[in-house]
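Enquirer: Assemble the whole structure, with the sequences as input and the hints as a guide.
Number of protein chains: 2
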Amino acid sequence: MSIKYAILGLLSWKPLTGYEIKKLMEDSIILYWSGNNNQIYKSLVQLHEEDLVTTEVQHQQNAPSRKIYTITASGLSALKQWTLSAPEAPEYKKAFFVQLAWSHQQSNEETDQLLSEYEQELSLRLAYQQEKHARRNGYPDRDQREKLLWNTMAQNVIASIENELRWIDLVRRELAAVGWGK
Amino acid sequence: MSIKYAILGLLSWKPLTGYEIKKLMEDSIILYWSGNNNQIYKSLVQLHEEDLVTTEVQHQQNAPSRKIYTITASGLSALKQWTLSAPEAPEYKKAFFVQLAWSHQQSNEETDQLLSEYEQELSLRLAYQQEKHARRNGYPDRDQREKLLWNTMAQNVIASIENELRWIDLVRRELAAVGWGK
DNA sequence: CAAACCATGTAAGCTGTTACATGATTTC
DNA sequence: GAAATCATGTAACAGCTTACATGGTTTG
Chain G
1 MSIKYAILGL
11 LSWKPLTGYE
21 IKKLMEDSII
31 LYWSGNNNQI
41 YKSLVQLHEE
51 DLVTTEVQHQ
61 QNAPSRKIYT
71 ITASGLSALK
81 QWTLSAPEAP
91 EYKKAFFVQL
101 AWSHQQSNEE
111 TDQLLSEYEQ
121 ELSLRLAYQQ
131 EKHARRNGYP
141 DRDQREKLLW
151 NTMAQNVIAS
161 IENELRWIDL
171 VRRELAAVGW
181 GK
Chain L
1001 MSIKYAILGL
1011 LSWKPLTGYE
1021 IKKLMEDSII
1031 LYWSGNNNQI
1041 YKSLVQLHEE
1051 DLVTTEVQHQ
1061 QNAPSRKIYT
1071 ITASGLSALK
1081 QWTLSAPEAP
1091 EYKKAFFVQL
1101 AWSHQQSNEE
1111 TDQLLSEYEQ
1121 ELSLRLAYQQ
1131 EKHARRNGYP
1141 DRDQREKLLW
1151 NTMAQNVIAS
1161 IENELRWIDL
1171 VRRELAAVGW
1181 GK
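Residue numbers (the numbering used here), protein chains in the order written: chain G, 1 to 182; chain L, 1001 to 1182.
Honestly, the hints are just simulated from the structure, not real lab data.
All C-beta atoms, glycine included, are put in the ideal place defined by N, C-alpha and C.
No incorrect hints appear here.
Think about it this way: if two alpha-carbon atoms lie no more than 27 Å apart in a straight line, the pair counts; the simulated BS3-like pairs of lysine-lysine are: (1) Lys22(G) / Lys1093(L); (2) Lys4(G) / Lys1093(L); (3) Lys1042(L) / Lys1014(L); (4) Lys1132(L) / Lys93(G); (5) Lys1022(L) / Lys93(G); (6) Lys1042(L) / Lys93(G); (7) Lys1014(L) / Lys182(G).
Chain L residues, not near chain G, derived (Cβ > 12 Å throughout): (8) Tyr1019; (9) Glu1026; (10) Asn1038; (11) Gln1039; (12) Tyr1041; (13) Lys1042; (14) His1048; (15) Glu1131; (16) Ala1134.
Expert: Structure representation (structure tokens):
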């Protein structure tokens, strides 16, 4: 799927500038893109060409001009159609698993060290996502259903990381049970 | 990270042709790439240029020629170094969540239908991964530690899908508790 | 006789990241 | 005086997918 619908969704919530969209994406647990300029500003130009958004320049004194994007009726309809399209299973890219998969040349100590580093990285990520969730910046809250969905989805992502941390403990216990098997 | 180390890892297990690497990747739960020709054959050429692998053409009667790739000492050392590099947190791309995030225009029935479709898709994916795991095609098993790691990693991926299925039930219960809030 | 398998590769295109470029204002 | 924020955009490159191209052999 494309970042364009994530942007269109934000604009269906309220009119925004590219800069604001970037900030909201960076703060969002669910809109998982990095929020880089290139993709956002290009997508906005494309959405405009497709007449899914309109744009209005706001000149400011003491500050740079802002291009405020607003969704059109046709944009709202395109968004709704897309939200009803066939759901896809999530993609899990666990790059660390590839490292562990080929750890055959490593000593037990090296593998143990790697597991600890992975644990640290995950703890950091967990804290980061929890902090984002606590701030709840850019969570639309137009009705109870929307609020509930955004909250449970954020909790789902947080739980995914917690599960990963629990898995590390499991691996450690299993490795210990066989004397690390090497 | 790059698919090149996944390929190098497979070759550290045993010499293989591009075609065999493709099949092994398709059958692997852990090596998560789609196993498309373009990436694999290009990576093999690059690995060869970097002297991390050697290649030998095997001519066959009644069958096309095979290029068998073998890892070099320098390849083994590059692989080991890479496996010891700093682990990264997994990437979760839950595209469906973006759809749910912007479901504000949907009726309760439409959202309920979407959740069911997501559940079906996940069940399918779960069965597919379980079947792959049961076959255990392309699982190296050179010592007890390696065997244990590959098994727990596969179980981790399967558990991720099961957690997602459990989450759907949670959302349904929570939505029901507030009368779907819309 | 059609489909699947073995086996190699190429072309085009979309997605995504990092870094560069500019420049004023505000905060520490 | 340096760093962060506001605000727009571009360039280069890495990663990945789908589809195309070829052609013999085996299986149903």
